[in-house]
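Asks: Listed below, chain by chain, are the residues.
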Amino acid sequence: MRNDTPYTPSTAYPFGFLDAYAKREIRRSILKAVALPGYQVPYASREMPMGRGFGTGALQLTLSVVGPDDTLKVIDQGSDDSVNAVNLRRFIRKTCPGIQTTTLTEAATVLQSRHRIPEKPLTEEQICILQVPYPDPLVYVEPTEEKRRTMHGEADYARLWVKLYEDMREFDEITISHRYPTRINGHYVLDPSPIPRYDVPKLNRSRALILFGAGREKKIYAVPPFTKAEPLTFEDVPFRTETFVDADGNRLACRRCGATDSFLDEFTTDTGEKVFQCSDSDYCLSRSQGPASAIYTEARHDA
Amino acid sequence: MMRKVLDVKGLSKVYGKGCPYCRDATGPRFDTNICPHCASVVAVHDISFTLYEGEILGVMGESGSGKSTVVKCLYFDETVDGGTAHFFDNHGQYNLFDLFSLNAAQRRWLRYRRFGMVYQNPHMGLNLGISAGGNIAERLLMNDMLIYADIRKRASELLQRTEVPENRMDDLPGHFSGGMQQRVQIAKALATNPPLLFLDEVTTGLDVSVQASILDLIIEIQDQLKTTMIVVTHDLGVIRLLAGRTIVMKNGCIIEAGLTDQILEDPQHAYTQRLVASAL
Amino acid sequence: MAYVAIQGGQRAIEEAARLSEYLRTEQGIEGRPVSLDDIKYQLRGLHSRILSEGGLYHPDLAALAIKQSMGDPLEASFALRAYRSTRPRRMETAAHDTSRMRLVRRISAAFKDIPGGQMLGATPDYSLRLLRFDLMDESPEAFQEIAGTWMENLNADDVPDTFPKVLDLLMEEGLLASSDNDGSEEAFDITRQPMIFPVPRSAALQSMARGETGSLLMIAYSNMRGYGDVHPTVGEVRVGYLPVELPHPVTGTPVEIGEVLMTECEVVAMYEGGDDAQAQPRFTVGYGACFGHNEVKAIAMAILDRALQKGMQDGAANPSEDPEFVLLHIDGIDSMGFCTHYKMPHYVTFQSDMDRLRTTQSKKERDL
Numbered sequence: 123m124r125n126d127t128p129y130t131p132s133t134a135y136p137f138g139f140l141d142a143y144a145k146r147e148i149r150r151s152i153l154k155a156v157a158l159p160g161y162q163v164p165y166a167s168r169e170m171p172m173g174r175g176f177g178t179g180a181l182q183l184t185l186s187v188v189g190p191d192d193t194l195k196v197i198d199q200g201s202d203d204s205v206n207a208v209n210l211r212r213f214i215r216k217t218c219p220g221i222q223t224t225t226l227t228e229a230a231t232v233l234q235s236r237h238r239i240p241e242k243p244l245t246e247e248q249i250c251i252l253q254v255p256y257p258d259p260l261v262y263v264e265p266t267e268e269k270r271r272t273m274h275g276e277a278d279y280a281r282l283w284v285k286l287y288e289d290m291r292e293f294d295e296i297t298i299s300h301r302y303p304t305r306i307n308g309h310y311v312l313d314p315s316p317i318p319r320y321d322v323p324k325l326n327r328s329r330a331l332i333l334f335g336a337g338r339e340k341k342i343y344a345v346p347p348f349t350k351a352e353p354l355t356f357e358d359v360p361f362r363t364e365t366f367v368d369a370d371g372n373r374l375a376c377r378r379c380g381a382t383d384s385f386l387d388e389f390t391t392d393t394g395e396k397v398f399q400c401s402d403s404d405y406c407l408s409r410s411q412g413p414a415s416a417i418y419t420e421a422r423h424d425a
Numbered sequence: 006m007m008r009k010v011l012d013v014k015g016l017s018k019v020y021g022k023g024c025p026y027c028r029d030a031t032g033p034r035f036d037t038n039i040c041p042h043c044a045s046v047v048a049v050h051d052i053s054f055t056l057y058e059g060e061i062l063g064v065m066g067e068s069g070s071g072k073s074t075v076v077k078c079l080y081f082d083e084t085v086d087g088g089t090a091h092f093f094d095n096h097g098q099y100n101l102f103d104l105f106s107l108n109a110a111q112r113r114w115l116r117y118r119r120f121g122m123v124y125q126n127p128h129m130g131l132n133l134g135i136s137a138g139g140n141i142a143e144r145l146l147m148n149d150m151l152i153y154a155d156i157r158k159r160a161s162e163l164l165q166r167t168e169v170p171e172n173r174m175d176d177l178p179g180h181f182s183g184g185m186q187q188r189v190q191i192a193k194a195l196a197t198n199p200p201l202l203f204l205d206e207v208t209t210g211l212d213v214s215v216q217a218s219i220l221d222l223i224i225e226i227q228d229q230l231k232t233t234m235i236v237v238t239h240d241l242g243v244i245r246l247l248a249g250r251t252i253v254m255k256n257g258c259i260i261e262a263g264l265t266d267q268i269l270e271d272p273q274h275a276y277t278q279r280l281v282a283s284a285l
Numbered sequence: 013m014a015y016v017a018i019q020g021g022q023r024a025i026e027e028a029a030r031l032s033e034y035l036r037t038e039q040g041i042e043g044r045p046v047s048l049d050d051i052k053y054q055l056r057g058l059h060s061r062i063l064s065e066g067g068l069y070h071p072d073l074a075a076l077a078i079k080q081s082m083g084d085p086l087e088a089s090f091a092l093r094a095y096r097s098t099r100p101r102r103m104e105t106a107a108h109d110t111s112r113m114r115l116v117r118r119i120s121a122a123f124k125d126i127p128g129g130q131m132l133g134a135t136p137d138y139s140l141r142l143l144r145f146d147l148m149d150e151s152p153e154a155f156q157e158i159a160g161t162w163m164e165n166l167n168a169d170d171v172p173d174t175f176p177k178v179l180d181l182l183m184e185e186g187l188l189a190s191s192d193n194d195g196s197e198e199a200f201d202i203t204r205q206p207m208i209f210p211v212p213r214s215a216a217l218q219s220m221a222r223g224e225t226g227s228l229l230m231i232a233y234s235n236m237r238g239y240g241d242v243h244p245t246v247g248e249v250r251v252g253y254l255p256v257e258l259p260h261p262v263t264g265t266p267v268e269i270g271e272v273l274m275t276e277c278e279v280v281a282m283y284e285g286g287d288d289a290q291a292q293p294r295f296t297v298g299y300g301a302c303f304g305h306n307e308v309k310a311i312a313m314a315i316l317d318r319a320l321q322k323g324m325q326d327g328a329a330n331p332s333e334d335p336e337f338v339l340l341h342i343d344g345i346d347s348m349g350f351c352t353h354y355k356m357p358h359y360v361t362f363q364s365d366m367d368r369l370r371t372t373q374s375k376k377e378r379d380l
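Keeping their order, the protein sequence lines are chains A, B and C.
Take the first sequence: its letter number 207 is residue 329 in my numbering, and every next letter is one higher.
Take the second sequence: its letter number 73 is residue 78 in my numbering, and every next letter is one higher.
Take the third sequence: its letter number 61 is residue 73 in my numbering, and every next letter is one higher.
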């Protein structure tokens with residue numbers, strides 16, 4: 123992933139928008155994050171031309187790792203065509219001349235995503251970069267960052283477990299839905315970003331490098347390839363992902379592609395009917411129209 | 006032969022920046038623990054004692070004598086300025102280590118697993134925002150007990166053991182009476198069967214009848230579990246009831262130490278004599 | 013299908029931009045594009061605020077940011093700040109002595125008179141906040157005439173170029189500890205280093221210098237009202253132009269490259285004892301400074317600086333003394349971005365929330 127193109131005079135912005143010093147610092151922080159799986163590496167997050175909370179952290183990572191020979195996929199809520207995904211892709215295309223974009227998961231070398239990990243399994247050739255609003259799972263139990271750093275250092279997560287205990291006591295269920303605290307390589311517990319529970323198992327021994335960027339909170343962390351990632355739970359309370367079943371207990375299917383093995387978006391039509399369809403638009407399209415059909419979306423974006 | 010559990014030598018603690026004269030210019034001889042040269046407070050000066058398995062050692066003194074600071078140092082709530090403390094722990098990782106030379110993670114390990122503390126103020130020992138059972142669960146979770154059903158069972162046993170009604174287990178201790186809060190604290194401290202328990206003025210401020218029942222509980226626990234304890238108190242009655250041996254502190258120093266009966270029957274130091282006389 | 017709102021995102025974004033552009037030019041043939049100079053000279057308050065919160069002293073680009081954002085201060089500062097992150101850093105200035113400021117205003121609340129004199133300058137402090145209806149339909153001729161003859165009536169020798177600082181008087185008398193910072197200590201750089209608490213005072217001052225005015229004011233006001241006890245006296249507020257020097261690339265000697273308009277405030281706060289029993293108690297100081305003419309911001313910052321120093325020394329007794337609380341919540345770009353982001357689609361996480369609630373509800377139903 124070459125990243126050495128100097129200024130492009132036509133736009134007066136450097137390749138990848140950020141100045142070279144910033145990108146170097148971010149790449150150093152990424153290396154540190156990979157070396158210490160799950161550890162939140164602080165970095166001097168730069169201001170990006172979109173709002174904090176819109177993915178400025180992940181965007182800085184993306185801009186620091188992509189080169190002109192990369193193929194990029196950007197999704198939000200699983201969809202390539204969500205307004206925020208479109209906006210980020212547009213920005214990256216503008217500031218990284220030469221870069222390819224795609225909606226096809228398997229064609230991408232770098233994937234930036236908000237709230238989802240794609241359904242199609244990722245490979246060693248890919249980097250998945252997730253947007254993170256809150257990097258620290260301990261914020262549930264400790265507001266002071268200084269204290270949280272010590273707790274992480276000592277792998278002192280008892281108070282987080284107590285929160286799970288209190289949930290069980292009150293609801294007989296752990297109520298955390300997304301941002302499920304996950305222990306990496308037996309030490310650090312991280313916030314996997316607001317992915318649903320459904321995607322948490324995808325972190326475990328993932329073939330792709332998974333990077334997390336929190337721009338506003340100025341942290342970078344990573345789940346390196348083939349690394350153990352375990353959602354925190356009790357030994358006798360199995361971690362459960364979202365279930366999509368009807369009143370009779372049958373698995374619901376996507377109304378477009380018929381998939382019964384994907385995360386579904388639920389919504390109500392104008393006629394008051396409740397329907398379900400795949401949240402991962404590429405997965406859905408590949409199933410319903412064959413892999414080639416996905417290319418058409420790219421052509422549309424390039425227009 | 007009795008087995009040693011703890012050996013404390015020369016424990017000292019100064020609040021403030023301290024100066025070379027601090028230690029020679031404070032203590033019972035001068036009737037102050039404030040250094041006249043630098044205004045530092047010599048809270049504890051050169052305290053040594055040994056603790057044997059299964060005994061209850063009383064630490065007695067008025068407020069400001071440094072008695073609470075001693076246990077706070079041993080429980081790592083406070084750092085020390087001098088001295089050593091060796092913990093003889095057959096089942097622990099830090100057997101024979103000087104406690105004050107351990108790093109933060111090692112200290113936490115001991116606090117979570119091998120020591121228990123019951124504070125005068127329940128706010129210090131309990132998280133009042135989580136249930137009584139949750140407070141006990143915290144200590145069990147610190148010890149990697151990760152089976153929910155087992156945690157519930159153990160918490161319930163401990164609360165029964167300390168006579169907290171079982172139907173209060175899922176209530177917030179912030180709504181409990183003072184006596185019941187102390188029972189929850191004791192249950193929490195006992196959760197890991199620690200060989201060493203520190204009790205800092207645990208009955209102070211409670212009704213006399215509640216005091217008596219808490220003291221009974223402590224005696225029972227000591228009797229059944231053979232837990233070694235240090236009981237810090239200003240109350241002669243507590244010392245008389247609980248402690249086999251006692252040390253008396255004043256202005257940060259030990260002025261008298263020995264068998265409790267002996268100290269109460271035949272106090273040697275004028276200060277102890279006054280204390281005993283006033284209690285009669 | 014109603015849901016397809018999220019499809020066609022690309023087009024929606026483009027049309028939204030076009031519509032915004034229409035709003036900017038809605039006056040049509042009646043209108044005239046506002047010039048950058050109009051903004052710089054006639055919207056001074058807003059312009060100053062953008063210079064300071066944008067964290068970049070570039071009067072032209074600040075005016076441009078105001079123009080394109082149609083006067084939204086958070087958006088304008090944001091654009092300026094984002095531009096800043098693309099610029100390489102060529103050089104660094106040494107510490108500057110602000111007593112060299114060419115002043116347009118300076119006052120002290122601590123003394124009736126001060127060496128060099130009180131200098132009220134242009135301030136709305138004592139103006140009556142009555143609407144000036146005469147400006148509703150101001151004629152260009154009347155407008156131009158006021159400034160046209162202004163300078164003729166002024167004698168340039170009336171005011172000295174520089175003034176001594178009020179705090180120096182207190183230092184000489186020993187009522188205030190003399191500064192132990194000679195400017196040689198390397199300052200923390202919040203744009204290059206991540207803030208890991210506890211942070212040095214220079215990091216705190218930098219964060220506040222580009223903080224959002226309203227946020228600084230709110231937290232400082234909480235301290236003034238009683239959630240804190242700084243009890244400040246304004247030692248000095250000064251507004252003026254500070255000559256900026258850079259080391260000459262060859263000789264290394266400082267060369268003046270221009271000047272920045274800035275506001276500086278020093279507050280004197282309650283005294284405290286020294287490090288040991290022998291030391292004399294002395295007044296304490298809070299410092300505030302920012303680009304542009306922003307007195308409320310500089311004063312709020314000075315009060316917070318004092319509160320934070322106290323918090324770092326004795327532990328925070330209230331929010332304004334807590335460095336993490338103050339410094340992580342005053343940045344306008346961070347906070348407005350995060351507030352805005354809640355408008356983005358969150359339907360995956362909400363789906364997950366619904367799943368949890370339904371599971372919990374069905375368990376409850378079984379139990380009942």
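Don't take every hint at face value.
Unchecked claim - To spell it out: a stretch of chain A is covered by chain B in this simulated footprint if at least three of its residues, at any positions, have a beta carbon under 8 Å from a beta carbon of chain B; those stretches are:
no.	segment
1	178–191
2	277–286
Stated by the list, open to error - Cross-link-like lysine to any residue pairs, in silico, SDA-like; alpha carbons within 20 Å at most:
no.	chain 1	residue 1	chain 2	residue 2
3	B	Lys-14	B	Phe-102
4	A	Lys-269	C	Pro-212
5	B	Lys-158	A	Lys-269
Said to hold, decoys possible - A short, non-exhaustive set of chain A residues, derived as facing chain C with CB atoms under 8 Å:
no.	residue
6	Ala-144
7	Ala-157
8	Pro-159
9	Tyr-165
10	Gly-173
11	Asp-198
12	Thr-297
13	His-300
14	Asp-383
Hints were generated in silico from the structure; no laboratory data involved.
Every residue, glycine too, gets a C-beta built ideally from N, C-alpha and C.
Asks: Now tell me, hint by hint, if it's right for this structure.
Replies: Hint by hint, here is what the structure shows:
1. 178–191: It is violated: at least three residues are needed, and the segment 178–191 of chain A offers just 0 whose Cβ sits closer than 8 Å to chain B.
2. 277–286: holds (count 5)
3. B/Lys-14 <-> B/Phe-102: holds (13 Å)
4. A/Lys-269 <-> C/Pro-212: Holds, at roughly 18 Å.
5. B/Lys-158 <-> A/Lys-269: violated (31 Å)
6. Ala-144: Holds, about 7 Å.
7. Ala-157: violated (17 Å)
8. Pro-159: Violated, about 19 Å.
9. Tyr-165: The hint holds - A/Tyr-165 has a Cβ within 8 Å of chain C, the shortest such distance being about 5 Å.
10. Gly-173: holds (3 Å)
11. Asp-198: holds (7 Å)
12. Thr-297: Status holds, d = 6 Å.
13. His-300: This hint holds: A/His-300 lies near chain C, its Cβ roughly 4 Å from the closest one there, short of 8 Å.
14. Asp-383: Nearest chain C Cβ about 16 Å off; hint violated.
The structure shown violates the earlier hints numbered 1, 5, 7, 8 and 14.
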